[in-house]
Structures are given as C-alpha cells and as structure tokens.
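Let the sequences and hints guide you as you build the complete structure.
In the order they appear, the protein sequences are chains Z and Y. Per my numbering, the first sequence starts with residue 1, numbered consecutively. Per my numbering, the second sequence starts with residue 1, numbered consecutively.
Some hints could be false.
You can't tell identical chains apart in this list, so a pair holds if it fits in one copy or across any two.
As the list claims (entries may be wrong) - Calculated cross-link-like contacts (lysine-lysine; reagent style DSSO-like; alpha-carbon spacing at most 30 Å):
1) 457 - 487
2) 481 - 351
3) 13 - 457
4) 488 - 457
5) 13 - 481
6) 152 - 351
7) 351 - 488
8) 224 - 152
9) 307 - 152
10) 487 - 307
11) 197 - 357
12) 353 - 488
13) 224 - 398
14) 457 - 476
15) 476 - 224
16) 398 - 13
17) 357 - 457
18) 152 - 481
Keep in mind that the hints were calculated from the coordinates and are not lab data.
There are 2 protein chains.
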Amino acid sequence: MATVYVAGVGMTKFGRSPQTLTELCCEAVSRALSDSAIQEIEALYLGVMNPEEFTGDSNIASRIAEALGLTGLPALRIETASSAGAAAFHAAFQAVASGSYRHVLVLGGEKMTHLSTSATTRILAEVIDRQERQCGATMPALAAMITERYRKRYRLSPARLERLLCRVAMKNHLNGSRNPYAQFQQAITEQTYFSSKFVSTPLRLYDCSPITDGAAAAILTSEKTDVAVSGVGQGTGPVSLRERDSFTSFRATQIAAARAYRMAGISPREIDFAEVHDAFTSFEIISTEDLGFFPAGRGGDAVEEGKTALDGPLPVNPSGGLKSRGHPVGASGVAQLVEVVRGLRGSAGAKLKREAKRALAQSTGGLGTNNFVTIVERTDSPLMKNLPLPPAPPPGRKRPAIKRTQPPALSEEGRIETFTVLYVTPDGFLPPLALALIRDRQGSLFMAQGEDVSHLKIGREVYLRQVGGRNVFTVKSHLMKVREALKKLLSRVPPLPAQRRRPGKKETP
Amino acid sequence: MATVYVAGVGMTKFGRSPQTLTELCCEAVSRALSDSAIQEIEALYLGVMNPEEFTGDSNIASRIAEALGLTGLPALRIETASSAGAAAFHAAFQAVASGSYRHVLVLGGEKMTHLSTSATTRILAEVIDRQERQCGATMPALAAMITERYRKRYRLSPARLERLLCRVAMKNHLNGSRNPYAQFQQAITEQTYFSSKFVSTPLRLYDCSPITDGAAAAILTSEKTDVAVSGVGQGTGPVSLRERDSFTSFRATQIAAARAYRMAGISPREIDFAEVHDAFTSFEIISTEDLGFFPAGRGGDAVEEGKTALDGPLPVNPSGGLKSRGHPVGASGVAQLVEVVRGLRGSAGAKLKREAKRALAQSTGGLGTNNFVTIVERTDSPLMKNLPLPPAPPPGRKRPAIKRTQPPALSEEGRIETFTVLYVTPDGFLPPLALALIRDRQGSLFMAQGEDVSHLKIGREVYLRQVGGRNVFTVKSHLMKVREALKKLLSRVPPLPAQRRRPGKKETP
Chain Z
1 MATVYVAGVG
11 MTKFGRSPQT
21 LTELCCEAVS
31 RALSDSAIQE
41 IEALYLGVMN
51 PEEFTGDSNI
61 ASRIAEALGL
71 TGLPALRIET
81 ASSAGAAAFH
91 AAFQAVASGS
101 YRHVLVLGGE
111 KMTHLSTSAT
121 TRILAEVIDR
131 QERQCGATMP
141 ALAAMITERY
151 RKRYRLSPAR
161 LERLLCRVAM
171 KNHLNGSRNP
181 YAQFQQAITE
191 QTYFSSKFVS
201 TPLRLYDCSP
211 ITDGAAAAIL
221 TSEKTDVAVS
231 GVGQGTGPVS
241 LRERDSFTSF
251 RATQIAAARA
261 YRMAGISPRE
271 IDFAEVHDAF
281 TSFEIISTED
291 LGFFPAGRGG
301 DAVEEGKTAL
311 DGPLPVNPSG
321 GLKSRGHPVG
331 ASGVAQLVEV
341 VRGLRGSAGA
351 KLKREAKRAL
361 AQSTGGLGTN
371 NFVTIVERTD
381 SPLMKNLPLP
391 PAPPPGRKRP
401 AIKRTQPPAL
411 SEEGRIETFT
421 VLYVTPDGFL
431 PPLALALIRD
441 RQGSLFMAQG
451 EDVSHLKIGR
461 EVYLRQVGGR
471 NVFTVKSHLM
481 KVREALKKLL
491 SRVPPLPAQR
501 RRPGKKETP
Chain Y
1 MATVYVAGVG
11 MTKFGRSPQT
21 LTELCCEAVS
31 RALSDSAIQE
41 IEALYLGVMN
51 PEEFTGDSNI
61 ASRIAEALGL
71 TGLPALRIET
81 ASSAGAAAFH
91 AAFQAVASGS
101 YRHVLVLGGE
111 KMTHLSTSAT
121 TRILAEVIDR
131 QERQCGATMP
141 ALAAMITERY
151 RKRYRLSPAR
161 LERLLCRVAM
171 KNHLNGSRNP
181 YAQFQQAITE
191 QTYFSSKFVS
201 TPLRLYDCSP
211 ITDGAAAAIL
221 TSEKTDVAVS
231 GVGQGTGPVS
241 LRERDSFTSF
251 RATQIAAARA
261 YRMAGISPRE
271 IDFAEVHDAF
281 TSFEIISTED
291 LGFFPAGRGG
301 DAVEEGKTAL
311 DGPLPVNPSG
321 GLKSRGHPVG
331 ASGVAQLVEV
341 VRGLRGSAGA
351 KLKREAKRAL
361 AQSTGGLGTN
371 NFVTIVERTD
381 SPLMKNLPLP
391 PAPPPGRKRP
401 AIKRTQPPAL
411 SEEGRIETFT
421 VLYVTPDGFL
431 PPLALALIRD
441 RQGSLFMAQG
451 EDVSHLKIGR
461 EVYLRQVGGR
471 NVFTVKSHLM
481 KVREALKKLL
491 SRVPPLPAQR
501 RRPGKKETP
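This is how it looks when you write it as structure tokens:
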C-alpha cells in the first residue's frame, strides 16, 4: 500500500453564490491546482449528494470532467448522503494507495441556495427513514430528538443544555469570523443566539448549519509532499431512529474512528485539532465523544471549559465548522480536509495557538448513518518519519442477514423515548408539530406525531393510533389515567345480580 | 496488486416487479450468496443511477446496507449514469486489488416501472446536455441522431440500416427467449419488428431497451475461484453531441477497451463472447466496432452474417442484452457480469456452442459518456496459469484545462449534421418533433428543433433562429434558395437613379 500525500487543496468561498455547480467545481479545482506541484491527474473522484434534485442534472461525473477539460479520464461520482465529499476522498485515497493511480483529483460540491427552503428541506429529508418522514420528521427534527435524549441521559437541565449549545455556536461563529471562505464571518453574542427562533426544540436557528453553495478540491498523490493521509475509516449506522440501540452517540463514527486511529497507529490524544461535522451544534458535542476526545456525556463540559476553542488544548472546528463555514452538503467532507491541510501548514484563516502536526476530519452522512474519519499529518511529524506507512489493519467482516421481518404492528400504548416540537415543518404539515419516538411494552419503537404540543416529556405514557396512515400519539393526562384506573377497578367488581321482578306484575311489551 | 476473483453471482428476474428497490437488492444478494463459497463480506459497493428521483429516497448506500444486515460495514454508492453498476464493480475491483478488502459485495439495482413512461423519460433525459434537452431531445432522440449519422457515414440505404437493426433486435430477443432472467422471453419476427412504431426515426420501439425493475449482485474476493477479473478499463466522453468530434463511435468505450485489453494482456480476437450495452440496437453495432471486434462500419455486416449470433464465432449478448433482458439502469452493469460469469461456467440460460474461456462486458453511461469494459476469464484459461496477474498498465494523465468560453452565439445559417423525428416526445413537446444538429460556417454545432418535419436530410441548408430560448431551424426550400440568390444578385445591381421630376409640375402634398 503506497503512502498517499496531499499535493494541493482549494475551495470556493462558501455561501450564496450566483455560480452554477459546474462553475463552483471549476473554481475549487483551479485553486487546488495553483496550490499544487502536481498539475496532471489521472482520475476524478467527485462527491455530490443530490445534483439530480438540486440542479435537475444527472450524469454529473462526466459533466464535471468535461468542464474541467478531463474528458477521457476515469470519473466517478461517489455518494453517501451528506458525507459524499469525504466518501470521494476515501475512494480516491484507496485508488492511490492501491497503486491504481498516482495522482487523482478529489472534488466535492453542491448547489443549494437557488431553491426555496421548503424544497431544500424536502430534498435533505429524503436521507431519513420513509416512515419517520411520513410523520413530518425532517433532519433538524430528528437531530432535535437526539439532542433531547442526550440532555435526559446526561441529566442536563434544559437551561444547561441551551447554554452548552450556545457555546458551540459562539465558538464556531468566532472561528468562522477569521475564515475568509466561511459563509458567516461574524461572531455572535449570547443574545443573538438566545433571540434566534426554535427550528425544532431544543434546537434554534443558530444550532443548525445553513443552506450553502460551494465546492472544495484536493489533489492526492503518491509523490511525497509536506502532508500525508495516515488513517482513514468508514462506518455505517441504521437509517431510522427506530432501529438504533443508542440515540446519544453515533456508532458509525465510533467504527470509522477506531479504524482510522488503528491505521494511523495513534490514539485520540495525539490529535492536535479536528474538523467535526457540526450540522447541528449538539452533533459536534456527540461527535467529539464518539471520536474519543472526551468521555461520553462530557463533550459539552469540554466546550464550556474552552478545551475545544482555538486557543484550547484540542481546537475543534477552527474553520468555523459547518455551522459558520456553511454546509454545501457534498462539498463539506472535502472542505474539512482543505481546512485541516491548511491548519497543518499554518495557512488557515484562524491561526492555531500551537503548531499542529496531526489533525482529524470527521464527516457524517445522513443522521449519522454513513460516517468517515480521516487523519492527516505533516510529513515531518514523529510518526511520519517511518514512511511508507505500515499496511492497513484488517477490516471488519459480516455475513449478510437479510431482514425479512415486517415492521411490528402499531401498539395501542407506549412511553415517550424522546420528542421535539418542530416549528419549521415540511410542506403539508402545520407548525408547531409535536413528534415523538414511542417505545411500546414489547420494546418496539414507533415514530408518531402528537395530537398537540403540550405535556411532552421523556417517559410520559401515551396512546397510539393510526390516522390516515400516520402514527398519532396522545399523552395520557391525569384525568385519562384516573379514568383508566377506574375502568380497571370496575372490571374487577362482580356484575350486579339480575334485577328481581315483582311477582304478579305483567311485563310491559 | 492482488488478483480479483468472482466468488458468486446472482440476480432477480428482470421486468415489471411489485418489489421495492430494497427488496430487489436483497433478493439479488441472497442469490449471489447461495452461489458463493464466501459468505462474509467486508464492504458494499452499490451502483444505482437515480434512486432519488425514481423512488424518492436518498442515502441509498446506508439504506441497502441496513436491509442486508450489513450496518457497520463501509457502504458506498457509485454513480456514472446508466453504467453505475459497472462503476460499482470497478470500484470494488480496485478495493480488492489494492488489498483494502478481501471480500466485497457489488450490487446494482434500479426500480423504474412504477412511474409513468413520461416521468421515466424525463428522469433518464437528465443525463444529457441541458441545452439539447431544452430543444426536446431525449436519450432515444440523440441515439437516433447518432444512428442516422452512422447510416450516412457508412453509406447504408435507409432500408439496409433498418434490416441491420432488425437483425440485432431479432438476435437479442432470440437469445433472451432462452434466459429465464430476461424481461422478454419471446423471439420476435421481422414482421413484429417492422410493425413496431417509431420512437425516434430511424429507431423503432424494438430498437430501444425497455423500462425495467431489477437488481444484480456479485461477490468479489482475493481468494482463488474458478473465474477471475483480468482487465478493467474506464473512459469518459463529452456529454453533449455538440462537443463531439465523432458521432459514429464512442471514444469512451475505445479508451476503456484499450486499457482493459492492455491489463489483461490480450487482443479483441481473444474474447470468446461479450455482453454489450445495447440500450439501442445501433449502439450494439457501434460498440462492437469500438471494442475492436469488427472494423468501423462493419458491425452491422457482422450481425447480418451471424458472426455475433449464439452459434457464431463471437456471440454478442447471449443473455439477450439490455434489449431483451431489460435495462434497470443501475443494475445492468452488474447483470452483464452475472451473465458473463454464468456464460464462462456454462450455467447461463442460452448455451454457447463452444466452451468459453474469456469474456468481456461493456457498459455505457449516458450517451456514451462514462463507459466501462471488464474482461473476465476462467482461471483454467491459458493466460490465467500465471497468477497473480502482472501490475496494471500506467493510466492516462491530463492537466485540467477549465473551459471558460461561453457557448458560441447562434448563427443564422448552417447545415444539418444529423437529425431525427421524435414521436415519443417529452412533456411540453408535441409529436412529431424534428430535431437536428446543425453545423454553422464556423464549424460550431447547435441542437435545434425543426419548424416542421419535412425536407430533413443530412447536409441540407437551414436557417437558424431563437424562439423563446429554444433554437429553431427551417430547412431552406428551393424557393427560399432562389429568393436568396435573387437578393444577392439584386444587391450587386447599382441602385436606380433618383426619379427625375417633370419641370414645372407641382408636387402633390
């Protein structure tokens, strides 16, 4: 396995752009080329999440190859939802590591801002489970439900959770204010954060990454440069919330991280800074735990204590992250690597306090369903003295076990596992929309929409029923519970004896 | 580079199916597993062209991995338009060849028949150039224009072209009638062919592959089996017709074939049979030329002479091809390899006359824009005695040259380079719709729609103008030409002297 180096990186400014997807991609490549000693490439690996629906064009790999004057060369589009850019980077890494190619171009891009927020939300929601979508769930809604569950599990008060999320948003906006490529280059105050509206409780507008246009590119090579890729890992997780055994961590990130660390021969402690997929502020906290930077449930404290700040011991998202740099979905995975390489070279907008030798990028596809971890090092770092790198550790292995089971029938009762109130609803749903994940007595999980938004609390008992194909829940009120208890009690009372008739009296007809 | 073997293959019956995409994929994998000694895999490579628009679900790699019980393992979706299945196969090949994985699952699938033909045509047309689409061009329309140009270039009479295309359709339907997995398992007569309606002149319904549901799977491994992959190649070509220097061959196939032959260390003569991407009958003829089986312009003769028949010296599409087996776009590239492996093992539905040692599969993405060639051999074939295979030949290399030029302004006049009359028009266009590729005096090409469908002929002079953003052409009639000549003549006649006034006469007011 050949060692894979980064020859050059480049990206467009992220934000609302008048350029087409193709133009954005060309600009990113042109910048990567002017950063690179390697000028000729052998293949194109393109990460775009959904050009079909965002732009109305498919066959995107050939299209972009043509615009780049690369027609003739192999061009592949790789897609794993919002981690498509990272997926393209990993596929390109494998191609160079295998010796199939010596120099390849990795490109990630997405054009989103020309559509309405409602259209964009609908397209982004296609990554989630169909049944959950039918209840009105969107990406922010499911992220909010994960956040609420996290709060409950780690016994944070609502006020404390808000404070922690606010700190993530403030840190990333402050970092972004120093990044000329970021969509938002303004620090925000606590007041700005707290005056922003709820998208889906407990997540506010400032907890969610924006809708963005942009592209990012990197040239990978087997010829030695100043930066090398020392570890890569990918993991997948269940698409639906219903199928998960944990709502407060992403197994896919843990798998990807374990593999990347093993390949690089390091532990999380040896990472100098990281770009983490903060599509939602709470996801940054969870991901820093999944990456092993902090113990489970302590990621929030770390932010509060300034550990992940630019001048902290482990800066997280020095670029501003998805939150402030923006999130053109297919581009983000490559943009993280652009920022990581710049950070290692000391050429990033936001300067790290200490010189960094080794950095990590973590990208999340969908609701944590297809995640990537990449470790990049300066070739003058201690580990990199022993090039070429040792062979990659053996991967995991599984026997396909095709699930033929029908989803369980809807129970009549259950308890709220987690919930949210969605204020930015998809078309066809009126805000505010209560959504909850309900666990029935058999342990099955159901996504359902609430009859109203009151009395929501994790652990509350609910009634479940189907209305027009959608699961609907009603929180049991005290009155309902009293009535239920009475009913049960009455069922134990022996039936009254049949009414005695007065002898001699005729029956009325 | 490790040698890559095929451990098992499987596919669903192709056709109109009540199953979902996920169910189709699971069935194909389950069949591949029961054909394979390898039961545990390390990664999933999934080729699907457009699940976003065909099924309304994105994040398809995680989704299918979950249905297969493979959650946790790396899962990538690879897409190159209608060759997505072949692209996934190639990416999986590279992953095993590089030693990244030992056993991987390749899966191709598409669900299409639940949509209207008009919706499917629109989705499929998104692979072609936007400006060409705006004129009303569809995949069959552009294929028809290529076919018409081929006819002209090789001086075939319209009747002879029809006869050749009919022979391809008859051969593939006859082969398909022996394939239990084929969508159409009935041979067709000349009469059936000639009584079928024109989709886009000169292509009839029986020249076009159908709309199909289906999935196909293969398990690749580095452990020796009876069949090995000895050569792979990929090439890209321009998306638009306007940018091509040849309309009668696909450069992308030629590049892919050259690389695959070089890797396998063989010449086209050493192929025993081939599965070729016959999305249109004429494409089978062109592709057999691009693959070097027959000289340019002689692919049709070869069909007529029975050279590509099941009992001929080089059977082409013994499975029935896309034409008769059906064309679930993302699945076709993998299905070809399923058929090729079965053909080598002698377990295919249609039996070859002679035992085959080495076979080739060729897959086309879009209008010949992203093409793949794969060579598969029995491990007891002469070349395969010397395993492992030698390293792959060095790939091509290019310097990105970003095209900043605006498309040329529409000229006022030009000549018809090729044309078609489209009878199955996209929404918003009334049939019959004349479409032509026009070359102006500067050599620029323009796609345009005709004012009417008469007087169409390659080489005819036309006027060009823009109507509502669309290019429209009018064939110059004899009368127009006479008028034009007169105008030119008149412009040379000196202007008449100013009218002399009679002296003494007053001017009328």
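**Asked** Within a copy, between copies, both or neither: where do residue 197 and residue 357 come within 30 Å Cα-Cα?
**Response** Result: close neither inside a copy nor across copies, 40 Å intra and 68 Å inter.
**Item:** 30 Å Cα threshold - placement of residue 457 relative to residue 488
**Value:** within (25 Å within a copy, 87 Å between copies)
**Asked** For residue 224 vs residue 398, is the C-alpha pair at or below 30 Å within one copy, between two copies, both, or neither?
**Response** between (36 Å within a copy, 20 Å between copies)
**Up to 30 Å CA-CA - residue 13 versus residue 398, copy category** = between (42 Å within a copy, 26 Å between copies)
**Within, between, both or neither: residue 13, residue 457 at alpha-carbon 30 Å** = neither (42 Å within a copy, 49 Å between copies)
**Request:** First find the shortest C-alpha distance between residue 353 and residue 488 inside one copy, then the shortest across copies, and answer within, between, both or neither for a cut-off of 30 Å.
**Result:** neither (67 Å within a copy, 78 Å between copies)
**Prompt:** With identical chains treated as interchangeable, where does the CA-CA distance between residue 13 and residue 481 reach 30 Å or less: within a copy, between copies, both, or neither?
**Reply:** neither (57 Å within a copy, 54 Å between copies)
**Request:** At 30 Å max between alpha carbons, let me know whether residue 487 reaches residue 307 within a copy, between copies, both or neither.
**Result:** neither (56 Å within a copy, 83 Å between copies)
**Prompt:** Between copies, within a copy, both or neither: which fits residue 476 and residue 224 at Cα up to 30 Å?
**Reply:** neither (65 Å within a copy, 62 Å between copies)
**Alpha-carbon proximity between residue 307 and residue 152, which holds within one copy, between copies, both or neither at 30 Å** = Classified as within: same-chain Cα gap 23 Å, cross-chain 72 Å, threshold 30 Å.
**Message:** If the cut is 30 Å between Cα atoms, do residue 351 and residue 488 qualify within a copy, between copies, both or neither?
**Reply:** neither (68 Å within a copy, 71 Å between copies)
**Request:** Measure nothing new, just compare the shortest in-copy and cross-copy C-alpha distances for residue 224 and residue 152 to 30 Å and report within, between, both or neither.
**Result:** neither (49 Å within a copy, 53 Å between copies)
The structure fails hints 2, 3, 5, 6, 7, 8, 10, 11, 12, 15, 17 (numbered hints given earlier, in ascending order).
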